[in-house]
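Undergrad: Sequence:
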Amino acid sequence: GFYLDIGTRIIKTGSEQGLLSLAFHPDYQTNGYFYVNYTNLAGAVTVSRFSVSATNPDSASPNSELPILTVPQPQSNHNGGTVLFGPNDGYLYIGLGDGGGSGDNHGTFGNGQDTSTVLGKILRIDVDGGIPYTVPADNPFVGRPGADEIWALGFRNPWRMSFDRATGDLYIGDVGQDIWEEIDFQPAASPGGENYGWRLKEANHCFNPPTGCNPGGLTNPVTEYSHSLGCSVTGGFVYRGCQIPALRGTYFYADFCSGRVWSFRFDGVTLSDSTDRTAQLDPPGNQVISQISSFGEDARGELFILDYADGEVYKIVSAVPVQPDCGAGACCLNPGDANDDGFVSVGDAVFTITYVFRGGFPPACPAAADANDDCAVNIGDAVFLVNYIFRAGPGPSCSQCS
184 GFYLDIGTRI IKTGSEQGLL SLAFHPDYQT NGYFYVNYTN LAGAVTVSRF SVSATNPDSA
244 SPNSELPILT VPQPQSNHNG GTVLFGPNDG YLYIGLGDGG GSGDNHGTFG NGQDTSTVLG
304 KILRIDVDGG IPYTVPADNP FVGRPGADEI WALGFRNPWR MSFDRATGDL YIGDVGQDIW
364 EEIDFQPAAS PGGENYGWRL KEANHCFNPP TGCNPGGLTN PVTEYSHSLG CSVTGGFVYR
424 GCQIPALRGT YFYADFCSGR VWSFRFDGVT LSDSTDRTAQ LDPPGNQVIS QISSFGEDAR
484 GELFILDYAD GEVYKIVSAV PVQPDCGAGA CCLNPGDAND DGFVSVGDAV FTITYVFRGG
544 FPPACPAAAD ANDDCAVNIG DAVFLVNYIF RAGPGPSCSQ CS
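Residue numbers 184 to 585, in this note's numbering, belong to the letters of the sequence shown in order.
The set of hints was computed from the structure by calculation and includes no laboratory data.
The structure displayed is predicted, hence computed values, not measured ones.
By construction, the Cβ of each residue, glycine as well, lies at the ideal position given by its N, Cα and C atoms.
Treat the hints with care, since some could be wrong.
What the hints assert, rightly or not - Computed Cβ-Cβ distance ranges for the label pairs, DEER-style:
#1 348 <-> 315: 36 to 42 Å
#2 285 <-> 458: 28 to 34 Å
#3 245 <-> 562: 44 to 50 Å
#4 209 <-> 375: 18 to 24 Å
#5 563 <-> 245: 44 to 50 Å
Modelling step: build the complete structure from the supplied sequences, incorporating the hints.
TA: Written out as structure tokens, the structure reads:
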């Protein structure tokens, strides 16, 4: 069934509207709050808080909606979409597009450069400081001209952005106009206020005006690509998982139109290891990834690709068996879950036997696969799980070796 159904509140006439993203509150386990970004029936971008059902942890109450922010849109596209919580400050970040249409022809300078509007910006608000929210005192436009909620400006349509869970750095995919797509970067230590250039610039190139477009103080993207390779960038995540240690610290992103997937590393100064991953991530058989609308990240930092065209979710895994490396105690989230499917079942015992005796894939998290907690993954763990599942034996734990 559905976790939350608010279909009657959302405009679904096409373009770039609809249910755009959601984010669980950092204290969701305690307060049951999560935040949804959608376009309402009037076409306005709406961010609302919902609550999990008091009687069913797998269902949320549509009647619990608390509107947080509503932003009217001049056009039906460029709605932005991402809502996410900062890993270091706990504030809610909201990506908003420039209001739509072509060329950001709104006002004298366009919405992206107009600090009196929140369109074409990333916002930063405190949803714990009051109802519906308060503005952090250290936001860059507090106490000076400009909307207090603004954290960064100069965006066309930053519909997918993410924080690096290890560093707190922010990566932003901003969709371009006719020629260029870009990935922007904000370091974790930033005080905010960066201007990423739109509509003065499209990526690294002058847009309006066509020359002499940089008045100073603009922040350039960390990478760009032309429309010979796609037409709409989809920002992704920095890989911080266990299953492919060689890729840890690598940022993945894609293009919605072409289905291409790329990656790179960025240390805050230098970009390296820029790689086209499209062929590597081509699914087996007749499956095709054609419209990548988003990436996903699980609790351990493993990454997923969301294909809008077929409504499918793909997990990025190693093509060959690789010994996972999570670090001591890094991923013992579900003791006994050897096959990493989120449940402890007889399938985990079968997985362990296949790994031990038939050279199968190693467990994603050895600490979790070590069900009997003897600091080794072996047949004893499979026996322990069978005894637990079928004979009500003691449950798996990670107390000694995680």
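Undergrad: Now tell me if each hint is right for this structure.
TA: Hints, verified against the model:
1. For residue 348 and residue 315, the Cβ-Cβ distance of about 27 Å falls outside the hinted range of 36 to 42 Å, so the restraint is violated.
2. With their beta carbons about 33 Å apart, residue 285 and residue 458 fall inside the hinted range of 28 to 34 Å.
3. Between residue 245 and residue 562 the CB atoms are about 49 Å apart, so this pair conforms to the stated range of 44 to 50 Å.
4. Judged by the Cβ atoms, the range 18 to 24 Å given for residue 209 and residue 375 holds: they are separated by roughly 20 Å.
5. At roughly 48 Å, the beta-carbon separation of residue 563 and residue 245 lies within the given 44 to 50 Å, and the hint holds.
Against the hints set out earlier in the document, a violation occurs for number 1 only.
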